[in-house]
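Undergrad: Sequence:
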Amino acid sequence: MADTERCGAGHSAAGLGTRSVLALGALWVLAGVLAARLAAEVLRTPQEERLADLDAWIGPNGVLRHRGSVYDDGAFTGTPFNGLVLKPLTRAAEQGLGLVWTFGTLLLVVGLGVLAARALPEPVTRRTRLLAAPVAVSLIALSVPVRETFTLGQTSLLPVLLALGGWWLAWRGRAGGAALIGLAAALQPAVLLFAPVLWLTGRRSAAYYAGGTFAAATAAAWVAMPADSWAYWVHHIAGAGLGEPMDSAANQSLHGALLRLGLTGPLEIAVFLVLAAGVGYFAVRRAVFYARDGQLLLAAAIAGCGAIAIAPAAWQHEQLWLLLAVVGRTGARTRDRYVWPVFAVLVITFDGKDLVPNLAWLSFVSDNIVLIGALLAATAVPFLSRTADAWAKPAPTGLLDRPNILLELLLIRIGYRLYSYVRSFAPDGRELAEGHGDQILAIERFLHIDMEYWLNHKVASIGWLEASMNFYYASFHFLVPLSILGWLYATRPAAYRKWRASLAFATLFALIGFWAYPLAPPRLMPGLGYIDTANGPQDFDDPKFGMLTGVSNQYAAMPSLHVGWSLWCALVLWRLAPYAWLRWAGFAYPALTTLVIMGTANHYLLDAAGGAVVVAAGIFAGRGLQRALALSALTRAASGPSSSGPPDSSGRTAPDRPDSARQPERA
13 MADTERCGAG
23 HSAAGLGTRS
33 VLALGALWVL
43 AGVLAARLAA
53 EVLRTPQEER
63 LADLDAWIGP
73 NGVLRHRGSV
83 YDDGAFTGTP
93 FNGLVLKPLT
103 RAAEQGLGLV
113 WTFGTLLLVV
123 GLGVLAARAL
133 PEPVTRRTRL
143 LAAPVAVSLI
153 ALSVPVRETF
163 TLGQTSLLPV
173 LLALGGWWLA
183 WRGRAGGAAL
193 IGLAAALQPA
203 VLLFAPVLWL
213 TGRRSAAYYA
223 GGTFAAATAA
233 AWVAMPADSW
243 AYWVHHIAGA
253 GLGEPMDSAA
263 NQSLHGALLR
273 LGLTGPLEIA
283 VFLVLAAGVG
293 YFAVRRAVFY
303 ARDGQLLLAA
313 AIAGCGAIAI
323 APAAWQHEQL
333 WLLLAVVGRT
343 GARTRDRYVW
353 PVFAVLVITF
363 DGKDLVPNLA
373 WLSFVSDNIV
383 LIGALLAATA
393 VPFLSRTADA
403 WAKPAPTGLL
413 DRPNILLELL
423 LIRIGYRLYS
433 YVRSFAPDGR
443 ELAEGHGDQI
453 LAIERFLHID
463 MEYWLNHKVA
473 SIGWLEASMN
483 FYYASFHFLV
493 PLSILGWLYA
503 TRPAAYRKWR
513 ASLAFATLFA
523 LIGFWAYPLA
533 PPRLMPGLGY
543 IDTANGPQDF
553 DDPKFGMLTG
563 VSNQYAAMPS
573 LHVGWSLWCA
583 LVLWRLAPYA
593 WLRWAGFAYP
603 ALTTLVIMGT
613 ANHYLLDAAG
623 GAVVVAAGIF
633 AGRGLQRALA
643 LSALTRAASG
653 PSSSGPPDSS
663 GRTAPDRPDS
673 ARQPERA
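When we follow the numbering used here, the leftmost residue of the sequence shown carries the number 13, and every step to the right adds one.
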């Protein structure tokens, strides 16, 4: 019964199954924790550093308190109407306003998440709509635009909420609701792109309301702040040139990208206008199509992404529309269904340099990653229509099929980013780590396997051997496992799934080891005479590890993932390599790696044993996951297909369209 009922997001959860109620409660708890963390981050910041942008606008020395232009020092980047709305707040008590602003922004986050859940395309089950609201709130709270809004005290959430609310109301026959879009455009002018979408979908009265409200609000600002309005609309052409430099990576519009490419002057302006016109055309056209298809949230997100691209300046806190575009469905197969939402979520929650390898020829991608995502959503991503066969029933991907390569690359990249992040923040107290080093050496002496010192000095005495081991340690660790993963993906997709999972579990278990047992490597043990072959003598109070010092925990030595990953490579080759000599040669890799980690004084022999343990545990966990997935697939196959709507004339099941999608308003 719960699978077929439809209801609004605000309806009670009564009637849902116990597991659904527990899941709903857990999701809201998670959303509450994330929201509380944002608020706490603001409130624990010293008063003089809290809500920096808000203080620069309405604080004791804020631009909105001055008699001169609010754009004199470039601190204020909003529209004159934005300044007109904020000016009355200059008389509020500073401390009380900070609290009200913080918790008011929290309410905007919750409101936007609930509204996004309500705007999901029909048919949506009651359970899905209820669960979607806390998921949306959590994703919004994790996004960079919202984190910026909280910490700096900006107004960026309000235009998005006003525009989405006005859009949703207009499509339910309340043309006056489009006045909210006009107010949003008065705060962020590019949002006016919603007006032609309303017009072309037959909601002309709503388009009039949106345009009229924008004109009235802007005119009111001209009357109250004529000099500022002239500065914003004429001198700076809709805000261009205010705030940070236009070529800053924070400006994710086409204008900013062209400036970063080196174009300037009339040529850059001409190219920008041509590109903006093209993007605006495709964004409006696609938004109209998906709105008529009944995908209101996706249509709004596409229009918003178009607004990001065509605005003269689209600062980081204005880019939330890309996150809302995750609702779009892509791909005819289940392996393709998650590529777009995973990409969009990663782009809006991580910095571009975290997602793109730090290579010079990829710098343009990392510097413009949000713009690229917005352009893809507005003009290129082939979102499915609700009438498409794959909308409700994508072709299944079995355990023997090859996963989607784009999704794999995204997950590998973000997995490595999280690995680096956790590893860098593992406990690294010097005294504790050195104490554990003494423990390891004592155990090795007891077992008569303490060969690190002899091997390290032997390697350091032979120049070519020292250089070879340093190169080996720095390069093979990533090159060989990635090469084997690529070979498995290309030739043995079923084996790729299994071995990829075991490698991921092994790395996860290693991270637990870094946290539970911080360990100083031999090169950082004072007074023992080990030689750091790569970096030379160390200051033990401030150890260095070359270019990785800032991102790598120096006391994360147990277990050795160099040995662990090399052993994983050997096991893959032993099981799957086509030639006997290659299978046997594979085991030379972990043996040689073990010699290298000790010869360069980066690990103990017991660290190598720890690497073998986490690989064994990873293989065991990976097999358990494979069995669970296989059992789940068999269960789904045994339960038979489920229909998601009434059959059409060809016998296929098709989702019902909402009345608003069947019968557009006529002027």
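Please keep in mind that the hints were generated in silico from the structure rather than gathered at the bench. Mixed in with the good hints there might be a few duds.
Pair ranges (Cβ atoms, derived) [stated by the list, open to error]:
| id | residue 1 | residue 2 | range |
| --- | --- | --- | --- |
| 1 | Arg429 | Ala236 | 33 to 41 Å |
| 2 | Leu494 | Leu55 | 55 to 63 Å |
| 3 | Val625 | Arg414 | 27 to 35 Å |
| 4 | Val33 | Gln638 | 54 to 62 Å |
Calculated pairs, SDA-like style, for lysine to any residue (alpha carbon to alpha carbon, straight line, at most 20 Å) [said to hold, decoys possible]:
| id | residue 1 | residue 2 |
| --- | --- | --- |
| 5 | Lys99 | Val122 |
| 6 | Lys365 | Glu420 |
| 7 | Lys510 | Trp499 |
| 8 | Lys510 | Leu418 |
Each residue gets a CB set at the ideal place from its N, CA and C atoms; glycine is no exception.
Undergrad: Would the hint linking Lys365 and Glu420 be met if the CA-CA limit is 20 Å?
TA: Between Lys365 and Glu420 the Cα gap is close to 18 Å, so the pair holds against 20 Å.
Undergrad: Holds or violated: Lys510 with Leu418, Cα cutoff 20 Å?
TA: Distance of about 18 Å is within 20 Å: holds.
Undergrad: Just tell me: holds or violated, for the beta carbon distance of Val625 and Arg414 against 27 to 35 Å?
TA: Once the Cβ atoms are compared, 31 Å apart, the range 27 to 35 Å for Arg414 and Val625 holds.
Undergrad: Starting from the hint 54 to 62 Å, judge whether the C-beta atoms of Val33 and Gln638 obey it.
TA: 31 Å, violated
Undergrad: With the threshold set at 20 Å, check whether the alpha-carbon distance from Lys510 to Trp499 stays at or below it.
TA: 14 Å, holds
Undergrad: CA of Lys99 to CA of Val122, is that 20 Å or under?
TA: 26 Å, violated
Undergrad: When you take the CB atoms of Leu494 and Leu55, is the distance between them in 55 to 63 Å?
TA: With a Cβ separation near 44 Å, Leu494 and Leu55 fall outside 55 to 63 Å, so the hint is violated.
Undergrad: Does 33 to 41 Å hold as the CB distance between Arg429 and Ala236, or does it fail?
TA: Once the Cβ atoms are compared, 47 Å apart, the range 33 to 41 Å for Ala236 and Arg429 is violated.
The structure fails to meet hints 1, 2, 4, 5 from the earlier list, while all remaining hints are met.
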